[in-house]
Amino acid sequence: MWQTISDSLPQLIAAGIKFTIPLAIISFIFGLILAVITALIKLARPKGNVLVKAIWGILDAIAYFYVWLFRSTPLLVQLFIIFFGLPNIGIQMPAFTAAVITFSLNTGAYASENIRAALLSIPDDQWEAAATLGFNTRQTLFKIIFPQAIRIALPTLSNEFIGLVKDTSLASSITILEMFTVSQEITAKNYQPLLMYCLVAALYAVVCSLLSILQHYLEKHANRYIKRGES
Amino acid sequence: MWQTISDSLPQLIAAGIKFTIPLAIISFIFGLILAVITALIKLARPKGNVLVKAIWGILDAIAYFYVWLFRSTPLLVQLFIIFFGLPNIGIQMPAFTAAVITFSLNTGAYASENIRAALLSIPDDQWEAAATLGFNTRQTLFKIIFPQAIRIALPTLSNEFIGLVKDTSLASSITILEMFTVSQEITAKNYQPLLMYCLVAALYAVVCSLLSILQHYLEKHANRYIKRGES
Amino acid sequence: GKKQSADSELVTPKTLTVGLEGTYAPYAYRQNGKLQGFEVELGQQMAKKMGLKAKFIPTKWDSLIAGLGAKKFDVVLNNITVTPERKKQFIFSTPYIYSKSALILPKNSKITSVDQIKGKTFPEGTGTENSIQAKKFGANVIPSETFQNTVALISQGRAQGTINSREAFLSWAKDNPKNNLKTMNISTDKIAASEIAAMFNKNSPKLRTKANKALKELRADGTLARLSKKYFTADITQK
Amino acid sequence: MIELRNVVKQYKEKLALNDINVTFADGESTVIVGPSGSGKSTLLRSIDLLTRPDSGTLTIDDLTVDFSKPISQKETFAIRRKSGMVFQNWNLFPHLTVMKNITEAPRTVLKQSKEQSEQRAHELLKMVGLDEYADQYPSQLSGGQQQRISICRALAMQPEFLLLDEPTSALDPELEMQVLRILENLANQGQAMVVVTHNMEFARLVAKKLIFVEDGKILFTGPTEEFFNSDNARIQTFLAGLSLAE
Amino acid sequence: MIELRNVVKQYKEKLALNDINVTFADGESTVIVGPSGSGKSTLLRSIDLLTRPDSGTLTIDDLTVDFSKPISQKETFAIRRKSGMVFQNWNLFPHLTVMKNITEAPRTVLKQSKEQSEQRAHELLKMVGLDEYADQYPSQLSGGQQQRISICRALAMQPEFLLLDEPTSALDPELEMQVLRILENLANQGQAMVVVTHNMEFARLVAKKLIFVEDGKILFTGPTEEFFNSDNARIQTFLAGLSLAE
Ligand SMILES: Nc1ncnc2c1ncn2[C@@H]1O[C@H](COP(=O)(O)OP(=O)(O)OP(=O)(O)O)[C@@H](O)[C@H]1O
Ligand SMILES: Nc1ncnc2c1ncn2[C@@H]1O[C@H](COP(=O)(O)OP(=O)(O)OP(=O)(O)O)[C@@H](O)[C@H]1O
Ligand SMILES: [Mg+2]
Ligand SMILES: [Mg+2]
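Taken in sequence, the protein lines are chains A, B, C, D and E.
For the first sequence, position 122 matches number 122 in this note's numbering, and the numbering has no gaps at all.
For the second sequence, position 224 matches number 224 in this note's numbering, and the numbering has no gaps at all.
For the third sequence, position 162 matches number 162 in this note's numbering, and the numbering has no gaps at all.
For the fourth sequence, position 210 matches number 210 in this note's numbering, and the numbering has no gaps at all.
For the fifth sequence, position 157 matches number 157 in this note's numbering, and the numbering has no gaps at all.
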């Protein structure tokens with residue numbers, strides 16, 4: 001058993017470093033950007049003439065459809081359609097690109113709801129206080145609202161990220177040699193699937209636990225201005 | 001194309017009704033019960049002598065380990081270990097049972113965090129108000145705290161449930177003929193993977209959307225005692 | 001005496017529980033709501049000869065291996081090639097297919113021999129014999145879960161070919177006449193014909209013996225050849 | 001009669017109650033005043049065992065508990081039966097209607113029948129002028145109305161002592177007056193009350209007895225009149241701090 | 001000078017401002033009083049464009065906006081430069097230190113240098129007696145301290161008019177007094193203020209001018225003295241409602 005573990009561990013870790021981790025990180029960054037844009041589209045109610053309102057209405061509908069679509073279908077199916085399906089209509093891309101796009105879109109859809117909730121949880125008072133001091137919308141968002149919303153969204157976003165790390169195992173279905181696929185390849189030779197699964201589970205657990213610890217420190221930092229409850 | 005759809009739709013729906021839906025519902029109910037117990041263990045700080053505290057400390061450690069374990073490993077791996085791994089130590093069960101157990105444990109771990117957060121969000125004031133009126137802990141929990149916590153937890157629990165419905169697609173790996181597997185079997189002969197995947201995606205989207213609508217009404221009911229924001 | 005002890009090795013009494021993927025035509029697939037294919041019918045006939053009823057459990061490749069180890073199935077019929085490595089873990093029946101590997105390539109491919117696949121992207125099922133061979137000849141192997149994914153990748157020009165079973169390709173080509181792929185035999189001195197056999201748990205030797213007897217009868221009475229012609233249009237059950 | 005003897009409560013860094021000795025007579029209303037953080041809430045909450053002091057004893061009628069020893073569940077419930085607490089932020093149960101807020105405890109704890117508890121609730125609601133709101137949820141009422149409901153909720157348990165911790169400090173002056181008038185009526189009807197308040201007018205007009213707390217110690221206890229006419233320097237500074245006039 | 005002419009604000013079911021006409025003079029402090037829900041906040045917030053009335057005009061010095069027409073961003077910012085708002089719950093920015101709370105707007109909006117804005121902030125903090133708290137976060141301070149910081153924050157923008165909406169009603173009487181004393185000083189130094197308050201003592205002692213609002217209408221506007229001595233029946237009822245004595 002130790003032989004098997006010491007033989008396969010380096011390969012698994014290599015796959016993790018080469019695919020699983022970069023896939024998760026890149027997708028998360030794009031997903032976050034997408035999520036913030038989507039959340040803002042959903043929340044903003046711009047004043048203006050009919051045309052502005054019509055354009056906004058369309059953007060709004062797109063945002064709702066996008067979030068609905070990606071939240072109500074399995075990720076596996078999304079991966080498959082984007083990688084194997086889109087070429088049928090002439091859009092073809094390498095597996096890694098397809099994976100990044102799918103995971104980004106999926107994360108973006110989920111995270112946009114978290115970010116929306118976080119933005120909504122900042123009381124209107126803060127907007128009013130900024131307005132009376134003369135801040136414009138952009139200044140208010142970047143100086144007052146986002147810094148507070150990050151604190152609120154941090155726990156759920158961290159969970160999204162940890163979930164994303166685990167979900168990368170699905171990329172195996174679109175020809176990506178991530179950790180999980182590698183373990184299957186090894187299994188095909190040594191016929192010890194259970195041991196390999198446990199090994200993979202342990203690796204994921206290590207990564208996820210490290211991320212949880214990181215999350216803990218980030219939250220501690222984000223909460224620095226909140227008064228601790230008296231013991 | 002319509003031929004393919006009308007041929008395969010009944011089979012897919014049958015698989016959904018026979019496996020996907022019951023698996024999701026049963027697992028969710030058990031998961032919820034588990035989640036409430038886990039959340040209470042994590043939250044309660046019983047007063048008493050050293051023995052009571054020691055026992056509670058152990059329960060507490062188990063609860064933390066359980067939640068950590070099931071949140072930091074991929075669901076696929078959990079399914080596999082419970083179905084194929086446990087027989088190695090003499091615990092054998094049918095695939096459906098194994099699926100229910102895995103999904104319940106997984107849901108329980110995630111939902112316990114939601115329920116814990118919901119319970120924590122009920123202000124201590126409510127506990128104090130109940131205490132001064134002479135309620136004991138059990139009465140306070142059931143008459144005062146749970147009814148309010150449900151309202152808070154409802155959105156996240158609904159999302160857990162919708163997620164669970166989609167995750168049942170993973171049960172294919174432990175020999176359960178759920179919707180997704182059936183679609184793959186059909187694809188093996190009709191060679192129209194994209195169409196089949198879209199069909200499955202559409203079915204999931206329908207189920208998830210129906211659940212979202214249900215969620216909307218439940219939330220409306222749960223919020224009946226909250227004042228609407230003035231327009 | 002002997003009959004009873006073979007039955008005692010069964011997962012479910014009076015039933016031959018067969019594990020397979022069910023996603024590989026013409027070996028096993030679903031059509032008109034029913035599981036069909038060469039290996040499905042073979043399983044039924046084998047069970048009949050053994051005085052049992054066949055029950056099929058479709059699952060993923062990984063799970064087939066784990067499931068046989070964990071006694072979830074009696075036998076796996078999944079186009080499995082007998083290899084020395086597998087023999088260390090499992091026991092096999094006498095072969096029921098002698099499969100010659102073929103190259104499946106785009107029609108305009110310039111590859112003419114398996115020696116030229118070095119550095120080319122080849123999708124292959126994870127852990128399959130095909131995958132091992134492709135690697136041996138220096139192809140850049142990427143994992144592909146099903147035959148239809150493999151074909152899609154080559155058709156879309158994202159892979160340059162695959163080593164696979166000629167029969168599977170012909171079956172696919174029959175259903176997809178407007179394809180842009182071709183097949184090319186690989187001579188057996190490059191890749192020996194693989195022996196496809198039923199795979200059993202090491203603790204089921206009596207069951208294996210009984211299955212061998214059933215296979216022998218099916219071969220003798222012409223059933224094997226008939227099934228092969230039905231599904232593969234040729235008899236590939238002979239050496 | 002409530003009696004606290006040698007009560008001490010130490011928070012991590014703060015001695016909140018420093019050897020408190022005090023008696024509250026039956027049927028009498030007492031007001032507790034003092035600067036912010038002086039220990040008023042801690043004192044009041046100790047009577048209902050919401051805060052657990054470190055040592056000293058609490059006697060209500062024939063019941064005595066020693067804070068330095070474990071207190072059983074039974075004792076806790078017996079003590080709490082004697083008093084009812086009204087909180088600064090009223091703490092109504094948001095998920096229950098006004099009626100249910102009032103009847104839930106009598107039914108659950110005292111095992112009263114639905115009819116009996118609702119009849120009593122209607123009487124109480126009439127007394128505070130809110131009978132028509134019985135089927136509303138708390139969130140549909142103003143702060144002053146909610147505080148009046150919370151007084152009904154406490155009274156429905158027929159406590160000997162009503163304990164109120166700054167019952168009007170979250171209210172507008174107008175709403176404050178509505179609540180204070182109800183408390184004035186209750187006091188006149190002989191309901192024993194202990195009220196922590198910052199409203200000196202209320203203290204002067206309603207309470208027979210006044211307790212002045214500072215830094216966890218009782219600096220004055222006696223008739224209200226005496227307090228306002230005291231020539232104690234500390235008391236005079238305290239009263240001056242509540243007025244803008246120099 | 002601020003001038004509101006024929007200002008009307010209709011909420012769905014409530015006419016919050018019903019043809020308001022009023023002028024606030026430079027350097028003078030005015031107090032707005034009235035029952036709950038009478039429209040005091042709506043009136044005050046209209047001056048800062050936090051609430052947008054349906055019609056009427058607002059003139060501050062040489063700037064005039066007509067509420068029935070679209071108001072450009074530029075106009076909005078120009079109007080807001082003239083006044084600064086202090087809220088009932090102070091609304092400090094919780095994620096910024098006291099110093100940053102005060103300097104953020106001067107630096108972002110007025111493009112002041114770090115040194116310049118911090119120097120001014122220290123002056124203001126000294127004025128309210130909180131200079132030593134510059135590096136703390138708001139949550140580490142008491143309500144009264146936070147409200148004093150929020151006054152500094154508004155003053156750092158050097159507004160002609162300081163608008164305050166019940167600045168002390170979320171505070172204990174002692175803390176209330178600390179804040180009111182600072183406002184009294186500011187008034188004496190000639191800072192123009194418009195204060196919505198329920199504290200009649202403050203109104204009486206500090207404000208030159210008093211406005212009494214009821215049901216969205218101005219029922220009284222004039223010297224503060226005159227209001228307290230008025231024999232108008234409605235005003236007398238209002239004053240009586242704020243006192244427990246019958
Ligand atoms: N749970 C607690 N943990 C630590 N210290 C506490 C706790 N509760 C109260 N204190 C401290 O004990 C002292 C007395 O608090 P208490 O609430 O009794 O004062 P108070 O007189 O009611 O003040 P206020 O007028 O502000 O309500 C204060 O210094 C307070 O900070
Ligand atoms: N956003 C809103 N939507 C609907 N109605 C509102 C809104 N804001 C205020 N109102 C209504 O307008 C009226 C005036 O409100 P306003 O807040 O100006 O009163 P106020 O005099 O400040 O009262 P208070 O003393 O309680 O602060 C009230 O009846 C109130 O219910
Ligand atoms: Mg207190
Ligand atoms: Mg107001």
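If you are wondering where the hints come from, they were derived from the structure by calculation, not from laboratory data.
Please note that a few of the clues may not be correct.
Said to hold, decoys possible - Not everything, but these chain A residues come out facing chain E in the computed CB check (under 10 Å):
id: 1; residue: 96
id: 2; residue: 130
id: 3; residue: 134
id: 4; residue: 135
id: 5; residue: 143
Unchecked claim - Some chain D residues well away from chain E (every beta-carbon gap over 12 Å; in silico):
id: 6; residue: 23
id: 7; residue: 75
id: 8; residue: 129
id: 9; residue: 132
id: 10; residue: 172
id: 11; residue: 181
id: 12; residue: 184
id: 13; residue: 197
id: 14; residue: 206
id: 15; residue: 209
id: 16; residue: 215
id: 17; residue: 223
In this text, a Cβ means the ideal position worked out from N, Cα and C, and glycines have one as well.
Status of each hint after checking the structure:
1. Here the hint on residue 96 of chain A is broken, as its CB sits about 38 Å from the closest CB of chain E, past 10 Å.
2. For residue 130 of chain A, the interface hint holds, since its Cβ comes within 10 Å of a Cβ in chain E; the closest pair sits about 8 Å apart.
3. A cut of 10 Å between beta carbons decides the hint on residue 134 of chain A: the least distance to chain E is about 4 Å, and the hint holds.
4. Hint status for residue 135 of chain A: holds, given a least beta-carbon distance of 6 Å to chain E, under 10 Å.
5. A hinted interface residue such as residue 143 of chain A counts as satisfied when its beta carbon comes closer than 10 Å to some beta carbon of chain E; here the least separation is about 6 Å, so the hint holds.
6. Its beta-carbon lying about 27 Å from the closest one in chain E, residue 23 of chain D satisfies the requirement of being farther than 12 Å from that chain.
7. No beta-carbon of chain E is positioned within 12 Å of the beta-carbon of residue 75 of chain D; the least distance is around 34 Å.
8. Even its closest Cβ contact with chain E, about 15 Å, leaves residue 129 of chain D beyond 12 Å, as expected for a residue assigned away from the interface.
9. At roughly 19 Å, the least C-beta separation between residue 132 of chain D and chain E is larger than 12 Å, which holds for a residue marked as non-interface.
10. Distance check on residue 172 of chain D: its Cβ comes as close as 5 Å (rounded) to a Cβ of chain E, failing to clear the 12 Å threshold; non-interface status is violated.
11. With a cut of 12 Å on Cβ distances, residue 181 of chain D falls inside the contact zone with chain E, its closest approach being about 7 Å.
12. For residue 184 of chain D, the non-interface assignment is contradicted: its Cβ lies about 7 Å from the closest Cβ of chain E, within the 12 Å cut-off.
13. Non-interface call for residue 197 of chain D relative to chain E: violated, since the shortest CB-CB distance, roughly 10 Å, does not exceed 12 Å.
14. Residue 206 of chain D, annotated as away from the interface, has a beta carbon of chain E within 12 Å; the closest lies near 8 Å.
15. With a least beta-carbon separation of about 18 Å from chain E, residue 209 of chain D lies farther than 12 Å from that chain, consistent with its non-interface assignment.
16. The Cβ of residue 215 of chain D sits about 14 Å from the closest Cβ of chain E, beyond the 12 Å cut-off, so the non-interface label holds.
17. With 12 Å as the threshold on Cβ separation, the claim that residue 223 of chain D sits away from chain E holds: the shortest Cβ distance comes to roughly 19 Å.
When held up to the earlier numbered hints, the structure conflicts with 1, 10, 11, 12, 13, 14 and fits the remainder.
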